[in-house]
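Enquirer: Residue strings, one per chain:
Number of protein chains: 2
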Amino acid sequence: MFNWDDIIATPSSWLESAGGDAEVVMSSRARVARNLTEHRFTHNCDNAELAEILDGVRAAAGSTGAFAESRYAPMGEISSLDRQFLAERHLASREFLFNSASRGIVFNEAETLSLMINEEDHLRIQGLAPGFDLESAWRRASELDDGLSAQLEFAFSDRLGYLTACPTNLGTGLRLSVLIHLPGLVHSKEINKLLDSLRKLNHSIRGLYGEGSEVMGNFFQLSNSTTLGTSEDAILSSLNEMVGKVIGFEQRAREMLFRKAQRLLEDKVWRAYGLLQFARSVNTKEALSLISAVRLGVGMGIIKGVSISSLNRLLVYTQPAHLQKFSGTTMDAQARDEARAEFIRDTLAHPSGETD
Amino acid sequence: MFNWDDIIATPSSWLESAGGDAEVVMSSRARVARNLTEHRFTHNCDNAELAEILDGVRAAAGSTGAFAESRYAPMGEISSLDRQFLAERHLASREFLFNSASRGIVFNEAETLSLMINEEDHLRIQGLAPGFDLESAWRRASELDDGLSAQLEFAFSDRLGYLTACPTNLGTGLRLSVLIHLPGLVHSKEINKLLDSLRKLNHSIRGLYGEGSEVMGNFFQLSNSTTLGTSEDAILSSLNEMVGKVIGFEQRAREMLFRKAQRLLEDKVWRAYGLLQFARSVNTKEALSLISAVRLGVGMGIIKGVSISSLNRLLVYTQPAHLQKFSGTTMDAQARDEARAEFIRDTLAHPSGETD
Numbered sequence: 000m001f002n003w004d005d006i007i008a009t010p011s012s013w014l015e016s017a018g019g020d021a022e023v024v025m026s027s028r029a030r031v032a033r034n035l036t037e038h039r040f041t042h043n044c045d046n047a048e049l050a051e052i053l054d055g056v057r058a059a060a061g062s063t064g065a066f067a068e069s070r071y072a073p074m075g076e077i078s079s080l081d082r083q084f085l086a087e088r089h090l091a092s093r094e095f096l097f098n099s100a101s102r103g104i105v106f107n108e109a110e111t112l113s114l115m116i117n118e119e120d121h122l123r124i125q126g127l128a129p130g131f132d133l134e135s136a137w138r139r140a141s142e143l144d145d146g147l148s149a150q151l152e153f154a155f156s157d158r159l160g161y162l163t164a165c166p167t168n169l170g171t172g173l174r175l176s177v178l179i180h181l182p183g184l185v186h187s188k189e190i191n192k193l194l195d196s197l198r199k200l201n202h203s204i205r206g207l208y209g210e211g212s213e214v215m216g217n218f219f220q221l222s223n224s225t226t227l228g229t230s231e232d233a234i235l236s237s238l239n240e241m242v243g244k245v246i247g248f249e250q251r252a253r254e255m256l257f258r259k260a261q262r263l264l265e266d267k268v269w270r271a272y273g274l275l276q277f278a279r280s281v282n283t284k285e286a287l288s289l290i291s292a293v294r295l296g297v298g299m300g301i302i303k304g305v306s307i308s309s310l311n312r313l314l315v316y317t318q319p320a321h322l323q324k325f326s327g328t329t330m331d332a333q334a335r336d337e338a339r340a341e342f343i344r345d346t347l348a349h350p351s352g353e354t355d
Numbered sequence: 000m001f002n003w004d005d006i007i008a009t010p011s012s013w014l015e016s017a018g019g020d021a022e023v024v025m026s027s028r029a030r031v032a033r034n035l036t037e038h039r040f041t042h043n044c045d046n047a048e049l050a051e052i053l054d055g056v057r058a059a060a061g062s063t064g065a066f067a068e069s070r071y072a073p074m075g076e077i078s079s080l081d082r083q084f085l086a087e088r089h090l091a092s093r094e095f096l097f098n099s100a101s102r103g104i105v106f107n108e109a110e111t112l113s114l115m116i117n118e119e120d121h122l123r124i125q126g127l128a129p130g131f132d133l134e135s136a137w138r139r140a141s142e143l144d145d146g147l148s149a150q151l152e153f154a155f156s157d158r159l160g161y162l163t164a165c166p167t168n169l170g171t172g173l174r175l176s177v178l179i180h181l182p183g184l185v186h187s188k189e190i191n192k193l194l195d196s197l198r199k200l201n202h203s204i205r206g207l208y209g210e211g212s213e214v215m216g217n218f219f220q221l222s223n224s225t226t227l228g229t230s231e232d233a234i235l236s237s238l239n240e241m242v243g244k245v246i247g248f249e250q251r252a253r254e255m256l257f258r259k260a261q262r263l264l265e266d267k268v269w270r271a272y273g274l275l276q277f278a279r280s281v282n283t284k285e286a287l288s289l290i291s292a293v294r295l296g297v298g299m300g301i302i303k304g305v306s307i308s309s310l311n312r313l314l315v316y317t318q319p320a321h322l323q324k325f326s327g328t329t330m331d332a333q334a335r336d337e338a339r340a341e342f343i344r345d346t347l348a349h350p351s352g353e354t355d
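Keeping their order, the protein sequence lines are chains Y and W. Residue numbering for the first sequence follows numbering that gives the first Met the number 0, beginning at 0 and increasing consecutively. Residue numbering for the second sequence follows numbering that gives the first Met the number 0, beginning at 0 and increasing consecutively.
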């Protein structure tokens, strides 16, 4: 098992840089679903079969070049706090929080590539890149997919493509997505029209915390909704085009906001900054909302001396399990709110080590 | 007429120091009402008679030692903005804003002594001191009263004492008051009980903006309500005792607040500070509320490096007419809110020249 101290001391290196179109797009992600021909889908497996799959896939992963230097988290053997920590890092899915026996995650040190074993599908490969860079995310996932398919036999139908536990993933098994920050479109109230259009155009868009959850901090996850009857390249180029358009809409909404209500906007943005700089207690929801406003201010050049990447890190590191792992203690909600406020103050007071 | 530039460039010197018990009491005031035997009360005077009173009283004032170096504001000849400016300085009463013809104010450079001529009474003498110092306020007013009574004949009845236009001022004609900051008692919800008790004990207490107005920023004006059938010394000693008690209640309420809800209190106080440091637009009501919270924080030692006197100055100088006189232009409400925010930011960013 990897050393938790390492992952805490050297946090996700992909968060060090902000990537392309960073003022709007926080990260790009490619997720590939694969299943083994010789096993039943996970929901039909007993623990013994799951353990067999886990061992086999883990061994195959270890012998790929991408995972030459990898970390492994055995979900069934770690604490629920550690599982939550991995979920906050986007390495574990929410399902892994509750179904953990005979399940595991392999990931590289940079956390740009990970493999969940025995999630809904036997394999869930995930490639990640900062900013708007679906190509890199996809390339990373695809290379691991190639490496693994040389050793494992994936369930594949000539008619349907890759077979998956849920039919919504059939075919390519590929879900590309961006985490996108749309405060301009939310403030201008154009967001609902955009969400409707995107859904009609076979794209899925949802709030930061996944399906059905409240949209917080104006962060959205935009992804392809079709995996079947298409190709990986077609999904990539279609989502690239769509994200490019949404970035354009967002930029225009921000410009309009600036022209129409510059003072109001500056006031809102600086007030958020002032609260983050001085508050002694901040809950998750308020932190998201304030960081979102400051992120808009930085993106629009209103606030200088704060980097987008430092704000991205704040979004990840001020989550409940992160705060508790950093402090080395378990904390109740009140203590976390205080630790969150302190962490934010320290980060904003020491904007050193910025790389964008 | 004095030079407006002088009063703007060298603002109220009494605000330079915070005085005694400054964390609770902002200022102490003594107001003496006098009328001339040879004239009718002002509400029965025509303009000619008012002008005659004005000239006579002004001449007498000029020959007193207290007003050897005095300023004079002829209310009927200055703009409504200038009248409002004098009201914000507590030199003019609200009545003077609307009834200005043949009315005037004489005041010393430090603004610790002033004389309104032809307000409700022919003479309204006002002595002022920073912090809890009713003696100094009363001494100043009393000395001017003595100086004037050597030259003018004041209406006096052996049975009733000094005669005044309104019977509530009969007798001593003396109203002593303190401007007192009671956030502890407001937060602990003990304030209403205290207000009731004070009223039963023949003291008057009201919000910062006078009778019937909403209490803003937890500032109250506490004064004697009886002027008749008592002596100046008795009024002074009774109010001194009462204010001392209220200060004690307030201090205990603050200590209790600190013990019971330290984190909440610190959060509230620092958030207010953060907003004042960074907001781009702040209206009067919010400014009062935020300055009140910061004043509490400074008074309790939570915030260091900000002086009570600088916050007292903010309370005076961020009022609408002050902002406009400082800028040399008339401003609408939005422009004032922006100028107010800028003035507050500058003041907090440059806490130099502090004297307490």
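Since the hints were made in silico from the structure, they are not lab data. Incorrect hints may appear among the rest.
Here's a subset of chain W near chain Y, in silico, CB distances under 7 Å, partners left out [claimed, not checked]: (1) R39; (2) F40; (3) A58; (4) E265; (5) W269; (6) R270; (7) Q276.
Straight-line distance between alpha carbons at most 20 Å, and here's what the computed EDC-like set of lysine to aspartate or glutamate pairs gives [what the hints assert, rightly or not]: (8) W:K259 - Y:E265; (9) Y:K284 - Y:D195; (10) Y:K188 - Y:E108; (11) W:K303 - Y:E341.
Keep in mind the model is a prediction, meaning the values are calculated, not measured. Where a beta carbon is used, it is the ideal one built from N, C-alpha and C, also for glycine.
Enquirer: Of all the hints numbered above, which does this structure not satisfy? Sort the numbers upward.
Expert: Hints 1, 2, 3, 8, 9, 10 not satisfied by this model.
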